[in-house]
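K.L.:
Residue numbers (our numbering), protein chains in the order written: chain X, 28 to 379; chain U, 135 to 320.
Heads up, some of the hints might be wrong.
Listed next, the in silico DSBU-like pairs over lysine-lysine satisfying Cα-Cα at most 30 Å (straight line) [stated by the list, open to error]:
#1 U:K260 to U:K217
#2 U:K207 to U:K272
#3 U:K246 to U:K260
#4 U:K296 to U:K207
#5 X:K363 to U:K296
#6 U:K272 to U:K296
#7 U:K317 to U:K296
#8 X:K363 to U:K207
#9 X:K363 to U:K294
#10 X:K37 to X:K77
#11 U:K271 to X:K363
#12 U:K296 to U:K217
#13 U:K248 to X:K363
#14 U:K272 to U:K208
#15 U:K207 to U:K217
#16 U:K208 to X:K363
#17 U:K248 to U:K208
#18 U:K273 to U:K260
#19 X:K363 to X:K232
#20 X:K232 to U:K271
#21 U:K294 to U:K208
#22 U:K207 to U:K271
#23 X:K363 to U:K273
#24 U:K207 to U:K294
None of these hints come from the bench; they were simulated from the model. All figures in this text were calculated on a predicted structure; none of them were measured in a lab.
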Amino acid sequence: MIVVSRAESKLLQLVQALLGIRGEDSLPMLLNQAQQVAPPFSPAAIDLLKDYVSKGVVMAMARASGQPVEYRAQDSVARSYWWQQLPAPPLHFSRASMELLLWLLQQPLGHMCALLDGSAAGLGDELLLCFTAYCLLSLRNPRPWRSPMLMDNALCWLLFADQLAMHTDSVPDFTQDYIQWIERYPAIVSALQQSLRLRWLAMEKAKSQIQQCSQMIRLGRAQQQVLQQWLDAVRATQRADLAGFVFSSTARLLAPGPDSRFWIESLDDTGGLSEHQQACDAAGAVLQCLNNYHTLVEEARQCRFFDAEYDASQLLLRLWQPLGDDGLQRAQAIVKHLGALDVAVETIHREN
Amino acid sequence: MSRAYRISIAESVRRQVELADGVQSTLELLPILAPQRMQEILAGELSAAGFDIQDGVAVRREEDGVDIQVDLKKATVTARIVKQESIEIDEQRTVRVEEEHLEEGTAAHKHKLKQQLERQADQTQKRLQQEVTEQLKKKLLDLQHEIDQLVNRTTAAALKEKAAQLGEIEDISEGADGSLTIKVRV
Numbered sequence: 028m029i030v031v032s033r034a035e036s037k038l039l040q041l042v043q044a045l046l047g048i049r050g051e052d053s054l055p056m057l058l059n060q061a062q063q064v065a066p067p068f069s070p071a072a073i074d075l076l077k078d079y080v081s082k083g084v085v086m087a088m089a090r091a092s093g094q095p096v097e098y099r100a101q102d103s104v105a106r107s108y109w110w111q112q113l114p115a116p117p118l119h120f121s122r123a124s125m126e127l128l129l130w131l132l133q134q135p136l137g138h139m140c141a142l143l144d145g146s147a148a149g150l151g152d153e154l155l156l157c158f159t160a161y162c163l164l165s166l167r168n169p170r171p172w173r174s175p176m177l178m179d180n181a182l183c184w185l186l187f188a189d190q191l192a193m194h195t196d197s198v199p200d201f202t203q204d205y206i207q208w209i210e211r212y213p214a215i216v217s218a219l220q221q222s223l224r225l226r227w228l229a230m231e232k233a234k235s236q237i238q239q240c241s242q243m244i245r246l247g248r249a250q251q252q253v254l255q256q257w258l259d260a261v262r263a264t265q266r267a268d269l270a271g272f273v274f275s276s277t278a279r280l281l282a283p284g285p286d287s288r289f290w291i292e293s294l295d296d297t298g299g300l301s302e303h304q305q306a307c308d309a310a311g312a313v314l315q316c317l318n319n320y321h322t323l324v325e326e327a328r329q330c331r332f333f334d335a336e337y338d339a340s341q342l343l344l345r346l347w348q349p350l351g352d353d354g355l356q357r358a359q360a361i362v363k364h365l366g367a368l369d370v371a372v373e374t375i376h377r378e379n
Numbered sequence: 135m136s137r138a139y140r141i142s143i144a145e146s147v148r149r150q151v152e153l154a155d156g157v158q159s160t161l162e163l164l165p166i167l168a169p170q171r172m173q174e175i176l177a178g179e180l181s182a183a184g185f186d187i188q189d190g191v192a193v194r195r196e197e198d199g200v201d202i203q204v205d206l207k208k209a210t211v212t213a214r215i216v217k218q219e220s221i222e223i224d225e226q227r228t229v230r231v232e233e234e235h236l237e238e239g240t241a242a243h244k245h246k247l248k249q250q251l252e253r254q255a256d257q258t259q260k261r262l263q264q265e266v267t268e269q270l271k272k273k274l275l276d277l278q279h280e281i282d283q284l285v286n287r288t289t290a291a292a293l294k295e296k297a298a299q300l301g302e303i304e305d306i307s308e309g310a311d312g313s314l315t316i317k318v319r320v
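Isolated chain U, as found in the complex (with noise of 0.2 Å):
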């Protein structure tokens, strides 16, 4: 008659995981300048929102982590985030082994916890990545408003402009609901 042992095992399983994820839109300008003016009256609209400019991008980093860059050549917009995160889980069992398999049955029954563990730490990397995913979604909602904000001053700064090109500007008033008009003696 064989004798059973219980033999303690231990697993552990340890990973640095990236997580990330992003958009990118590009940006509705009107032509209403040269392009080069254009992007430099944006360029000035970013600046004054906290961006940082450097060889045609702006970049800002949010407190939450979240990445804005605006490509002025290339009039896109990216809002990235990238987090490090480290998994750690480990585990101790008790199990009973038959004193023949006393070996190959402590190696089979690691084997199976350790399994175990690394189907626990995919489940935590996807519910990490999902709240990376939450994150930048709920930041797109204020992204979107400030975007367009951003082009709408753009715009109305390229078109006064303009119209200073084309006369004398007598009258600008502009509406609550986001309107501008010019007047303009030629």
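Isolated chain X (complex conformation) (with noise of 0.2 Å):
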């Protein structure tokens, strides 16, 4: 038997419950009152820890990556989990791993809290770090996403854009970190392709909440900035397939048939028009991105089926189907109407 102190034991209940090993229930206690926990820790207490932050980070990536999918493997195309098919990196986890687990339990985060500082090194901590800022969501607090170690993580921002972009006016420049995701760990970014597909969608849903105009804009300029850096990036190395979530969290927002009101359904319309139309072309911003993103299945189309990139061609027009160009078509008329004069009309006829 493994024997711990008190404060020991907080730790690694916190792992467990971040990384849904268990004990989920009690992440909510955790992270809202500030526990006595701090360094030196036995040894038996860190090898625990270790064992459970590699394994649980793991075991969370293979939950997050969902049913099997097709994947683009090297040169072939094959159905079935990621791990089945591309080499798995191996994790490396450092101090600010430690630090960021330390910083979840030694204050309130549903209050007020210090900032997080530095920034994940490792592949381990970059996957912890993402895995942390879900539970951070269920919080309800934008003060914790101010710290650096969020703000300056290309990972975060491409899973968590809406809640970073309410602290700044622009997106740090991240296409190159991008590229090395994709090049270096291209088994990580297919798992997280049901996780992106997920988050986008809830980012969109959630923007018929959104009241304020200045709040609709920056998420608006955000969500644009993060896309065309993926897109540059997916482009750069030749992974089109990685753009699929946008196409399937947009093929799922658009089957019910929404119209443009349902994107600016809460917005306030009492301040200036100006205002009010930035932020309804901002409220259209991922749609007009799929103008963009639809260069990728214009190219596709065009590939023979002799030609080398047949096979990755073909995977990206089977994850282009199910939004189709009908749905980019609907998407277009969405944005145009967003962008038109009878949207301030239709807000005098409101007030009206």
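With the hints in hand, could you dock these two chains into one complex?
P.N.:
Pasting the structure below:
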């Protein structure tokens, strides 16, 4: 039997809850109350912690990736779980992971809290940071998101652009980071497609609840910048299939046939028309980006069956299918309407 | 025992403010004829509607100060309102100040009064801005209708021209619902 102190036990409980190993119910209590946890920790506790973190991150990744899907593995396309086709990269955890865990425990994150400095150094740190960020979503406290460790992280921007955009006017250029992610960790970015699909769908659905024009403008700008950077990265690495989450999330979004009012349902229209119109344009930012992403599809359609990229092109076309050209046209019509004078005129009708 | 003085203080706030608001939208012109020709037809319609056209931009100033601008190349329509207003607020007050703190007491009261007037000026500026926005909103109701009509007339004119290129026009009938039927002998 391994004996650990009360403080070490809190640390281990946190890791288990964060990574979904067990005790997720205790997470709100652990995050909302300041815990007396500080090093040094016993070697036995450290060994346990390493074991939980390394296995927990892999399990969390496996859960997050969802059903088997089609992946591009080297020169072929296969339908399987990502870990069956692509070599899983070794995880490296640095001091940053320990700092992150202590930061989560040592203060009430649901209220005021110190910001987390530093940056995730290894792949393990990065993934632990992302799973932590998922837990921050439930706190409904914007302050922790201002932490440099989150604000300077490319993967966090890709997954949580909605949260991070509220604290800055422009997104740092992460194109090179995304290229490195795709080149160095193809298994991970493939596995993240499901998570990305769900997050971008959630971001779009949440727009109907946004009231402040300035918030919508920031979100729209950030979404546009992140999606453009990701598009540049998938182009540079010739991994167009990694744009699939954009197609699948918008296909799901447009499936019930929402009209343009859905995106701006709660938007405050008592201020200036100029700002209101900017906000309406920003509301359609993701749909607007589809035009750029569609160029990948057009290129895939040009690919002939004897070309080397044929399998990859066909994969992209299958990923495009749920949205399709009809979906693109619907998206364009919504964007057009969001940018029309009618939107301002409708505002007047609503007031009357 | 200190004596209290009744001091009369006066402060004023003067501001020249520019109040502006505007919206821009795209014109949905169907590509029936070559872009250059579509622009020419639209320019003709705009001219008939009282717009002045210079360097590919049609401009009309409304009586209520709203500027409407149509960029023929970019196919955008912009409605913008800019107003210059001056805000002037003066106030005079009598305050009680203790003899020992006459100078700093008077200065503190003047500072407080100035802050109150600045707040009043902010509120006035906000109200004026809202009035300008409301003025533009009302204009947009008419403008949207007018722009739709202009686009419809441009489309109809382009269709007639295109039909004439295809053959001999035998009959043109325009329905009350805005539909247009052109019979062409090819």
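K.L.:
Is X:K363 within 30 Å of U:K273, Cα to Cα?
P.N.:
Holds, at about 21 Å.
K.L.:
Take a quick look at whether X:K232 and U:K271 sit within 30 Å of each other, Cα to Cα.
P.N.:
holds, 28 Å
K.L.:
Is it true that the CA of X:K37 sits at most 30 Å from the CA of X:K77?
P.N.:
holds, 15 Å
K.L.:
For the pair supplied as a hint, U:K296 and U:K207, confirm whether the alpha-carbon distance does not exceed 30 Å.
P.N.:
holds, 21 Å
K.L.:
Would the pair U:K272 and U:K208 pass a check requiring their Cα atoms to be no farther apart than 30 Å?
P.N.:
holds, 25 Å
K.L.:
Does U:K296 pair with U:K217 here, judged by a C-alpha cut-off of 30 Å?
P.N.:
Given pair U:K296, U:K217 is violated - Cα atoms ~44 Å apart, limit 30 Å.
K.L.:
Holds or violated: X:K363 with U:K207, Cα cutoff 30 Å?
P.N.:
Holds, at roughly 18 Å.
K.L.:
Would the hint linking U:K207 and U:K217 be met if the CA-CA limit is 30 Å?
P.N.:
holds, 28 Å
K.L.:
Are the Cα atoms of U:K246 and U:K260 separated by 30 Å or less?
P.N.:
Satisfied, since the Cα-Cα distance of roughly 21 Å is no more than 30 Å.
K.L.:
Just to be careful, I want the Cα atoms of X:K363 and U:K294 compared with a cutoff of 30 Å; is the pair within it?
P.N.:
holds, 27 Å
K.L.:
Compare the distance between the alpha carbons of U:K294 and U:K208 with 30 Å, and conclude whether the hinted pair is satisfied.
P.N.:
holds, 24 Å
K.L.:
Has the given pair, U:K208 with X:K363, been kept, meaning a C-alpha gap of at most 30 Å?
P.N.:
holds, 15 Å
Hint compliance for this structure: hints 6, 12, 13 and 17 are not met, and every other hint is.
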